[in-house]
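Build the full structure now, drawing on both the sequences and the hints.
Spelled out, the chains give:
4 protein chains.
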Amino acid sequence: MATAPRYYAEYLHLDRLLTAQRPASGNGGAPAHDEMLFIIVHQAFELWFKQILWELHAVMTAMAADHVPARELSRVVARLRRIAAIQPLLHHQLDVLETMTPLDFLDFRDELVPASGFQSVQFRLIENRLGVEPATRLRIKGAPYFATLSPEDREAAEASQQEPSLRDHLDRWLARTPFLRFGDFDFWQDYQTAVNEMRERERAIIEGNPNLDPVARDEQLATHRETIAGFDALFDRDRHDELVGRGLRQLSYDAFLAALLITLYRDEPMFHMPFQLLVALTDIDEGFTAWRYRHALLVQRLIGDKVGTGGTSGHVYLRKAAERHRAFRDLFELPTYCIPRSALPALAPSVREQLGFHWEHAQS
Amino acid sequence: MATAPRYYAEYLHLDRLLTAQRPASGNGGAPAHDEMLFIIVHQAFELWFKQILWELHAVMTAMAADHVPARELSRVVARLRRIAAIQPLLHHQLDVLETMTPLDFLDFRDELVPASGFQSVQFRLIENRLGVEPATRLRIKGAPYFATLSPEDREAAEASQQEPSLRDHLDRWLARTPFLRFGDFDFWQDYQTAVNEMRERERAIIEGNPNLDPVARDEQLATHRETIAGFDALFDRDRHDELVGRGLRQLSYDAFLAALLITLYRDEPMFHMPFQLLVALTDIDEGFTAWRYRHALLVQRLIGDKVGTGGTSGHVYLRKAAERHRAFRDLFELPTYCIPRSALPALAPSVREQLGFHWEHAQS
Amino acid sequence: MATAPRYYAEYLHLDRLLTAQRPASGNGGAPAHDEMLFIIVHQAFELWFKQILWELHAVMTAMAADHVPARELSRVVARLRRIAAIQPLLHHQLDVLETMTPLDFLDFRDELVPASGFQSVQFRLIENRLGVEPATRLRIKGAPYFATLSPEDREAAEASQQEPSLRDHLDRWLARTPFLRFGDFDFWQDYQTAVNEMRERERAIIEGNPNLDPVARDEQLATHRETIAGFDALFDRDRHDELVGRGLRQLSYDAFLAALLITLYRDEPMFHMPFQLLVALTDIDEGFTAWRYRHALLVQRLIGDKVGTGGTSGHVYLRKAAERHRAFRDLFELPTYCIPRSALPALAPSVREQLGFHWEHAQS
Amino acid sequence: MATAPRYYAEYLHLDRLLTAQRPASGNGGAPAHDEMLFIIVHQAFELWFKQILWELHAVMTAMAADHVPARELSRVVARLRRIAAIQPLLHHQLDVLETMTPLDFLDFRDELVPASGFQSVQFRLIENRLGVEPATRLRIKGAPYFATLSPEDREAAEASQQEPSLRDHLDRWLARTPFLRFGDFDFWQDYQTAVNEMRERERAIIEGNPNLDPVARDEQLATHRETIAGFDALFDRDRHDELVGRGLRQLSYDAFLAALLITLYRDEPMFHMPFQLLVALTDIDEGFTAWRYRHALLVQRLIGDKVGTGGTSGHVYLRKAAERHRAFRDLFELPTYCIPRSALPALAPSVREQLGFHWEHAQS
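Protein chains in written order, with our numbering: chain A, 245 to 608; chain B, 245 to 608; chain C, 245 to 608; chain D, 245 to 608.
Calculated from the structure, these hints are not laboratory results.
Watch out, some of these pointers could steer you wrong.
Same chains, same names: a pair is fine if it fits in one copy or spans any two.
Cross-link-like lysine to any residue pairs, in silico, SDA-like; alpha carbons within 25 Å at most [said to hold, decoys possible]:
{"#": "1", "residue 1": "K294", "residue 2": "I449"}
{"#": "2", "residue 1": "K564", "residue 2": "Y497"}
{"#": "3", "residue 1": "K564", "residue 2": "R469"}
{"#": "4", "residue 1": "K294", "residue 2": "G491"}
{"#": "5", "residue 1": "K294", "residue 2": "G270"}
{"#": "6", "residue 1": "K564", "residue 2": "I450"}
{"#": "7", "residue 1": "K294", "residue 2": "E567"}
{"#": "8", "residue 1": "K564", "residue 2": "Q436"}
{"#": "9", "residue 1": "K564", "residue 2": "L542"}
{"#": "10", "residue 1": "K294", "residue 2": "E446"}
{"#": "11", "residue 1": "K564", "residue 2": "A387"}
{"#": "12", "residue 1": "K294", "residue 2": "T526"}
{"#": "13", "residue 1": "K294", "residue 2": "L338"}
{"#": "14", "residue 1": "K294", "residue 2": "H336"}
{"#": "15", "residue 1": "K294", "residue 2": "P593"}
{"#": "16", "residue 1": "K294", "residue 2": "P267"}
{"#": "17", "residue 1": "K294", "residue 2": "H311"}
{"#": "18", "residue 1": "K564", "residue 2": "D339"}
{"#": "19", "residue 1": "K564", "residue 2": "V459"}
{"#": "20", "residue 1": "K564", "residue 2": "P458"}
{"#": "21", "residue 1": "K294", "residue 2": "R398"}
{"#": "22", "residue 1": "K294", "residue 2": "M280"}
{"#": "23", "residue 1": "K564", "residue 2": "T526"}
Given below as structure tokens:
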């Protein structure tokens, strides 16, 4: 219980918060009207980035444990969902920023040079903690992304690259799920059989497509053979590892299989939360990807092909980053390997019981 | 141009901004996890309130002038629209806050007493500047709303009550529109004739409604007579003033007529911006009304019928305030007096020319 | 597999769908431009209402069973969440409809009389299936809501009133949860003790509030005593039943207790999905309530105080319905009875084990 | 006035609308649960596409005239804004569709082959009418986009390619704006002088950027020279025409200049609506671009790298189309040529008067 009566403005430290808007334009006179919006939008972004980092920290602490109890998992999912619930705000804040026209921006843009949104260390931390890999990061005008950060910020960014990311934790957690190694239940052999049947069906679709001329058909069959090649990796650890080596997969073999298994048998009670965890991460990855792309459009709309305040051609960089800086791309690959429920191998009864609750058993 | 190279974090004063989150729970130990969200949502609200006040200030300064040039008006409209564009953010921030469950809130709620969102002086300033009248304000547990504010905040709130509001400026601007007093074009007499015909049609609708039993029909005809009574006020300054006296109208007679005229003849070039101005104010009034109501639902969902931290039964207060604290309710009354375009008196050609551009005339 | 090659337009029956827009205005000539928008918005509403009914049907079928297996429950939750995901569309469709101004509406409004949105039988079915009670429904101009429906629609609406609603199914499902009757674990006695302590704390908050004058304090203490009176109902089946009799509670005593238990111990694996179920229903109730209120504002904005096409004073009715037509209001009462986690009685170890998974046990 | 009393369901032709959902799965038995959602989402898309086409038709009819009166322009803007207001619905409908998981989709996906969203002729008409050029369109597996359409749909699509697009109308309207040829006011010469000064400033920014190493600086100066090259096109009709020839510009020289002039002097009353027109088109272009990209993410999430039902690798195609199928890309190039207001040549007083209202003049 508070000792002195709390006051709203003190509790929220509004004296700090509401005096932190210092327009650079105007030189002490009246600043450019729209600079206030520019500052406040970016400050609101930073507040939400802090909140996202707060949630990520709690999630990563929980997932770093050698054993993640089921009761903990529901909290992890709730916090990831909160991040996903914050993402629409980031989108809408761009809508608000877009009420500033290019001409209004020009009223104070020169004052910002060479500061740039690329210098948001909180956003870099989010990326690194999710699992964006240093090696795949776009360079900014020939230099690594952290080159323009202050020494302090750079240190924080580089340190976060050394620590295990959320994807690393996810990988370890998935890889040790016991249900990959069920006594004599040889799931993956059954699955391979079922998959082979589906492949044939897919090929038939292409060959039977009346709208394709021979050239298009051949092109497409080539694509299909490529898909099959990727499919093979599902049943061959070495090929999967090779894809990882080429940067085409991010998760380890065991983790990828476990994620697929959870996806396929998500109805089993024990998989409810793990499945929601995977969906929440998919949402977050999609949310940031769409946001980066939208951000690129906004920059193009505001400055066209001008050089950005940070010295880069803004919208082209952002557009490329949208695809490159994804931390959970593998979750978007899982559907490639899904087969219809009707073709899915049935789980052995003993396995199914293991995946349920005590209570349900007791009730029957 | 900046003398020293700008750095993103310095420009945004992130050292202040990102150190202003001081959870009250935990006593120096780990705070309740969700208190961070609670703080950041409210800080984000305050940032946006500051932005809204910034836009309102510019708009009010422009509208306070004795002559508002047409070129100024487009800026006024753009800024009001920006406020309307910010409002969805306020809604979505409630969505995010709602990811906090009642139990999570209880982890730190006692620490907040007696602080309360009712103490947001920025929100009170927004209300006062828009035109919420002290007399119609809900009292908070028997006391005026500013009773729980700090002396400094209270002073600011009370001062803002003394100054002309945006509605006052709008009123003066509308009332002096020249087009109410066109030489020998007696608009209002023509309009009264047209209106009388419409009234008859409305009455016929009710009397001819086959789904109404006699009791319902009588009840509805009574409602219609009431509407007509209000209608009369359109053609009778004294009756309008009487409605103002009873708190049923907020705009003066001349202003109300001008607003209706703009609404009816919005296609005339000179009315384009004035019409957009009225629409933007309508949007803002609706946005805050819906937000207050949604806020009430959130509070009910978070604390049920518990007494709020500020000592009030939160959701009931907020629900009532949704209707009571409206500054532009009159704009929602204009449709009552609109008649179909087909019945609208034609403007005299000389008037129409006056409402157009030089250029268009020159082109013909 | 389809026998003939499918074509997009045939699959979607676009020939039906896109020829179902027949403006009433224009008499065969050019219709009022905005009538198309009016038609399409309402048709889009009806499409989504059909989808909501589709999901409700699946959910109700599952919940009607005497035993709802845990694996089924995740599907129920997913489908309720889909309804909640559709609700923002309903909101945004009002935003789109609001691009129509009152004057544009007047161009065709007379053609609609006496048709009215009140005649949407699908929306009535949604309300009835969720659990809106006939007795609490607002009458439309002295007659029951179904009075203006066609015989066929009326029959459907009345039939849906006779069938058990989703709230009825929820009630039965909650009431038979086994965890209310744990061997010798006397949960409710422990809870009552903990609650009594909290009540005292609440009262102290009011009495210690320095901002309250004596009059306000007394008023508030009275409110608190009322809250306590409601609280008593938690431990007294007869008082709860009395509240049900007065329309202040909708769930049965056992169901209400079970819902509270799930809310308090939601971290236990077996309660993960039941808790998400309650949250989804809370979201849905809140979503429709906010939508009704927003709809009322739109109607006021479009027609002011005119009599609606269906013969009612539209916005006043809709505003009242927002509160009255709620099917899961009790879920918003649960927080009233929540106490902080720190004060929560610990579950007996044997109970906690029962609420977990087989596997977790096996792993240790 | 309607002769027979209207009934809601008849007015909306709900008998047609609500019987147009015929799932392909189930063979007369229970269909796959989620196919209903799939159908209804796509039907809702088609309803909104119809509405967009309706608005586009009205807008294009107005803009096709040899003289577009100012009063007409406000209607054009309102209708384009309505399209922009519909676009968020299209986004949110993807959110709703995303509640369908890959496994749920597999339950009926095979039934759809070879139907595909690529066959939505309404969407093709929207693209063509906005101004997507046949030459820049992505081919679908080696064939033009209309290859898989039914003969009737193909005819409609090809016909729409022959007609002038909205961009064509915009071009003609912009090109004939009188204010490009003001008596002896040589605007473009003044502008060129002002621009040259800005160019120098831009170059100084790069050269003075302390964060760039020599390699990066050279790279960036090269980019800047490229920007300048593009800039030259502003003052050189031939170079502009060359850019048009290479597909880097879509508007004619005169139209591009007029659009820039309107952007720069938007505060002049006569430019209020023309500026809003350009902004609305920018919004629409951005909205569809972001939607296509988001759609690509959804497809990747639903089917991964599987071949789409239409026989293409869906998400890759859609991602490319996001950039390629833009009709108003030039509006995103305007900011490249904007210079700060402080450097903007002043309009001659006589010109400024011409751009204002009669009335304002009369008032002074």
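Check: Should K294 paired with R398 be assigned to within, between, both, or neither, using CA atoms and 25 Å as the limit?
Finding: Classified as within; 17 Å inside a copy, 32 Å across copies.
Notebook entry, point to check: For K294 vs P267, is the C-alpha pair at or below 25 Å within one copy, between two copies, both, or neither?
Noted result: both (22 Å within a copy, 14 Å between copies)
Checklist line | Intra- versus inter-subunit Cα pairing at 25 Å for K294 with P593 | finding: neither (46 Å within a copy, 38 Å between copies)
Check: Is the C-alpha distance from K564 to V459 at most 25 Å within one copy, between copies, in both cases, or in neither?
Finding: Cα proximity of K564 and V459: across copies only (21 Å, versus 31 Å in one copy).
Next item on the list: Pop the pair K564 and I450 into one bin, within, between, both or neither, using alpha-carbon distances up to 25 Å.
Entry: Close across copies (22 Å), not inside one copy (31 Å); limit 25 Å.
Notebook entry, point to check: How would you classify K294 and I449 at a CA-CA limit of 25 Å: within, between, both, or neither?
Noted result: neither (49 Å within a copy, 31 Å between copies)
Next item on the list: Could you place K564 and A387 in one of the four classes (within, between, both, neither) given a Cα distance threshold of 25 Å?
Entry: For K564 and A387, only the intra-copy Cα distance (16 Å) is at most 25 Å; the inter-copy one is 28 Å.
Next item on the list: Give the relationship of K294 and T526 under a CA distance limit of 25 Å: within one copy only, between copies only, both, or neither.
Entry: Classified as within: same-chain Cα gap 21 Å, cross-chain 29 Å, threshold 25 Å.
Notebook entry, point to check: When no copy is named, should K564 and Q436 be tagged within, between, both, or neither for a Cα gap of at most 25 Å?
Noted result: Classified as neither: same-chain Cα gap 36 Å, cross-chain 33 Å, threshold 25 Å.
Item checked: Status of L338 relative to K294 across identical chains (alpha carbons, at most 25 Å) -> both (18 Å within a copy, 18 Å between copies)
Notebook entry, point to check: Taking 25 Å as the upper bound on the Cα-Cα distance, should K564 and L542 be classified as within, between, both, or neither?
Noted result: both (14 Å within a copy, 18 Å between copies)
Notebook entry, point to check: How would you classify K294 and G491 at a CA-CA limit of 25 Å: within, between, both, or neither?
Noted result: neither (30 Å within a copy, 44 Å between copies)
Hint compliance for this structure: hints 1, 2, 4, 8, 10, 15, 17 are broken, all remaining hints hold.
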